[in-house]
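2 protein chains.
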Amino acid sequence: MKFTIDRTKFINQTNNVQRAISSKTTIPILTGMKLDLAENGLTITGSNSDISITAFISKEDADNDLTIESTGSIVLPAKFFNEIIKKLPGDNFELEVLDNNQTLIKSGVSEFTINGLDANNYPHLPEVETEDQLVFPTDLFKEVVNQTVIAVSNQESRPVLTGVNFIINPDGLTSVATDSHRLAQRKINITSDEEYNLIIPGKSLTELVRTIDDSVKEISMAISENQVLFSFDNVMFYSRLLDGRYPETDRLIPDDSNTTLKFDSSSLLSSVERASLLSHESRNNVIKLEIKGDEKKATLFGNSPEVGTVEEVLDFEDLEGDDLEISFNPDYLKDALRSFGGSTDIEVSFTSALHPFTIRPVENKDNFVQLITPVRTF
Amino acid sequence: MKFTIDRTKFINQTNNVQRAISSKTTIPILTGMKLDLAENGLTITGSNSDISITAFISKEDADNDLTIESTGSIVLPAKFFNEIIKKLPGDNFELEVLDNNQTLIKSGVSEFTINGLDANNYPHLPEVETEDQLVFPTDLFKEVVNQTVIAVSNQESRPVLTGVNFIINPDGLTSVATDSHRLAQRKINITSDEEYNLIIPGKSLTELVRTIDDSVKEISMAISENQVLFSFDNVMFYSRLLDGRYPETDRLIPDDSNTTLKFDSSSLLSSVERASLLSHESRNNVIKLEIKGDEKKATLFGNSPEVGTVEEVLDFEDLEGDDLEISFNPDYLKDALRSFGGSTDIEVSFTSALHPFTIRPVENKDNFVQLITPVRTF
Numbered sequence: 000m001k002f003t004i005d006r007t008k009f010i011n012q013t014n015n016v017q018r019a020i021s022s023k024t025t026i027p028i029l030t031g032m033k034l035d036l037a038e039n040g041l042t043i044t045g046s047n048s049d050i051s052i053t054a055f056i057s058k059e060d061a062d063n064d065l066t067i068e069s070t071g072s073i074v075l076p077a078k079f080f081n082e083i084i085k086k087l088p089g090d091n092f093e094l095e096v097l098d099n100n101q102t103l104i105k106s107g108v109s110e111f112t113i114n115g116l117d118a119n120n121y122p123h124l125p126e127v128e129t130e131d132q133l134v135f136p137t138d139l140f141k142e143v144v145n146q147t148v149i150a151v152s153n154q155e156s157r158p159v160l161t162g163v164n165f166i167i168n169p170d171g172l173t174s175v176a177t178d179s180h181r182l183a184q185r186k187i188n189i190t191s192d193e194e195y196n197l198i199i200p201g202k203s204l205t206e207l208v209r210t211i212d213d214s215v216k217e218i219s220m221a222i223s224e225n226q227v228l229f230s231f232d233n234v235m236f237y238s239r240l241l242d243g244r245y246p247e248t249d250r251l252i253p254d255d256s257n258t259t260l261k262f263d264s265s266s267l268l269s270s271v272e273r274a275s276l277l278s279h280e281s282r283n284n285v286i287k288l289e290i291k292g293d294e295k296k297a298t299l300f301g302n303s304p305e306v307g308t309v310e311e312v313l314d315f316e317d318l319e320g321d322d323l324e325i326s327f328n329p330d331y332l333k334d335a336l337r338s339f340g341g342s343t344d345i346e347v348s349f350t351s352a353l354h355p356f357t358i359r360p361v362e363n364k365d366n367f368v369q370l371i372t373p374v375r376t377f
Numbered sequence: 000m001k002f003t004i005d006r007t008k009f010i011n012q013t014n015n016v017q018r019a020i021s022s023k024t025t026i027p028i029l030t031g032m033k034l035d036l037a038e039n040g041l042t043i044t045g046s047n048s049d050i051s052i053t054a055f056i057s058k059e060d061a062d063n064d065l066t067i068e069s070t071g072s073i074v075l076p077a078k079f080f081n082e083i084i085k086k087l088p089g090d091n092f093e094l095e096v097l098d099n100n101q102t103l104i105k106s107g108v109s110e111f112t113i114n115g116l117d118a119n120n121y122p123h124l125p126e127v128e129t130e131d132q133l134v135f136p137t138d139l140f141k142e143v144v145n146q147t148v149i150a151v152s153n154q155e156s157r158p159v160l161t162g163v164n165f166i167i168n169p170d171g172l173t174s175v176a177t178d179s180h181r182l183a184q185r186k187i188n189i190t191s192d193e194e195y196n197l198i199i200p201g202k203s204l205t206e207l208v209r210t211i212d213d214s215v216k217e218i219s220m221a222i223s224e225n226q227v228l229f230s231f232d233n234v235m236f237y238s239r240l241l242d243g244r245y246p247e248t249d250r251l252i253p254d255d256s257n258t259t260l261k262f263d264s265s266s267l268l269s270s271v272e273r274a275s276l277l278s279h280e281s282r283n284n285v286i287k288l289e290i291k292g293d294e295k296k297a298t299l300f301g302n303s304p305e306v307g308t309v310e311e312v313l314d315f316e317d318l319e320g321d322d323l324e325i326s327f328n329p330d331y332l333k334d335a336l337r338s339f340g341g342s343t344d345i346e347v348s349f350t351s352a353l354h355p356f357t358i359r360p361v362e363n364k365d366n367f368v369q370l371i372t373p374v375r376t377f
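Protein sequence lines correspond, in order, to chains X and A. Counting from 1, position 65 in the first sequence corresponds to residue 64 in numbering that gives the first Met the number 0; the numbering is continuous, with no gaps. Counting from 1, position 347 in the second sequence corresponds to residue 346 in numbering that gives the first Met the number 0; the numbering is continuous, with no gaps.
Isolated chain X (complex conformation) (with noise of 0.2 Å):
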């Protein structure tokens, strides 16, 4: 194996590939970065016990300046081999595998010889078929993964629960998470062939849509049964599935409501971060909201035995129905709120203090629901 190519390029897709690659893991060889040189161009390959992703350099593409004299594969060190290449001196590198998986790089005045591991015993990527795919826009996918992922569980106590649920029917995609204090529903329109329901680990997720870079302009996923594979670009992304039967969520959200407050959720998330200032002190972490629907004045609450109080007079768009005092975890409410994006007007319904309330676009009311469990304090 020895090749020359553009050091730029190269870096470009080692960094992606690298989101794969764990310095923990307990099985050497996963720590190494594989390259794979066949005729038509390099395959770089990472990969951990969750997600594996490789990226296609193509010799085709002239601004690669990719030039093979042999092919062949090596499985290189992940950590030293990304800092040695983006430490050389030249514009492009030059690679060569000798006897033993020696290694030799050579840039300008710099050369180096890294030990190699044979990349035979590299373990296969999972295969999934890639006939029927679905294609997303990538700003709407993204959109869905960060509207959902937040409300994912950190607790391996039920593992279903760290993963966003999609089930894909004539409806469209409905997209949940859930980690039984707050929820988070997603809702959009494609088209399939088939009906899926499947559970993505959120970490897969959160990797996923920071490996997705701006220029990408359609995303494709390819779903087996215990895999599912995402490719943009020269880039393929396998995620793991969870096992098991995800809970049914959609009793959880409620239809009508008896308190509603229109906010610019910029502003009240504002609001939020001041109030939680105190709260995160406090023992329980929890901020009361008190609405007077005659007064038409809403205020929030939070203290710290320790360090004082403070108080929010809250600037809303409209408040309709009745009076109310409920308590609640500032963060959850927080995530919920930079979920929206930026500037969104957005519609909070309450039905009793000890009922859940949610957290919805105007704009979008079926499609998007933010859902959160209040705390009782009495």
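Any given hint could turn out to be false.
Unchecked claim - Looking from chain X toward chain A, a few residues come up when the C-beta cut is under 7 Å (computed): (1) I26; (2) N120; (3) R273; (4) V309.
These are computed hints drawn from the structure, not numbers from a lab. Note that the coordinates shown come from a computational prediction; the quantities given were computed from them, not determined experimentally. Using N, Cα and C, we set each Cβ at its ideal position, and we do this for glycine too.
Place chain A on chain X using the hints.
Relative to the frame of chain X, chain A by itself:
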């Protein structure tokens, strides 16, 4: 005590004072920030066992928008107070001390009540006579600190070596630091009526140069028996001095050499950075420089038994003298090279494989030297 003030101007100054406040202190009142309001303005104070910082916000300066209703003092929990002020909604805020050191902070729709502490219990600041002050251009002072502080020791076993020695006499200022493996010395011309020999803790100097804004033109230095006071703009920065005798270092710096190379500092730095990638993985973190005088060739070698080897052919501007093989810690050379700033012509001079070598700027040889002790590898 009651006043209103421009929030941004206030934050600029608390950011300075905050550098002296540690949440880890064992003296609870020092986790607080002290506010003293007099007729002419507001003084903010932060302190720890090493440094104290005060900042003054003048009533005279209309930009501060300072309106004083009644004078007084209070100590507020620094961490929360800063977070609160930064997140308040208005351009201004009002602060009023109520009974029992309770402090009311109002801005726009927000109202915080914070538990303060009695300012009478806050320690007194050191007294430093400011009649004989030394005045430095800020850029030059920062250069002196940045070029020497890299060589201070982190080990408390010899406390004086954790500081930078400032020697002020009719010849000017000589600033020296050494951790006994490397040494940095910088001289500048200044005129002083008095002679001084003081040791300023390296950590204090690092915080000091971080505190000095780029807009500051001059910095004044006043010295007492066990304290030094730096003043600039409306900020006073106190540091304790280290007790003890600093070692004589002049005789450590060699006057002559057998092999000399001239480099562009940034080009040599890049090569050392690459060579050190592998040495960091080896037990002793050493790289080897091989100089062949006749062949006019200099090469750096680094290796790690686990990862591999690296060879860097150095790109020098001039090479004179004997052949040499010398080994050293690449991190010392990296720190030294960075202290020359961007791209500077430097001269590296060697006596033998077991004697310290020096790095000096070609343009200012007599006033700035970095010295590194080699490592015996045989």
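- Using Cβ atoms only, decide whether I26(X) comes closer than 7 Å to chain A, and label the hint accordingly. violated (17 Å)
- Item | Interface hint compliance - N120(X) to chain A, C-beta minimum distance less than 7 Å | violated (17 Å)
- Taking the least C-beta to C-beta distance, is V309(X) closer than 7 Å to chain A? Nearest chain A Cβ about 5 Å off; hint holds.
- Does the nearest C-beta of chain A fall within a distance shorter than 7 Å of the C-beta of R273(X)? holds (5 Å)
The structure is inconsistent with the numbered hints 1 and 2, although it conforms to all the rest.
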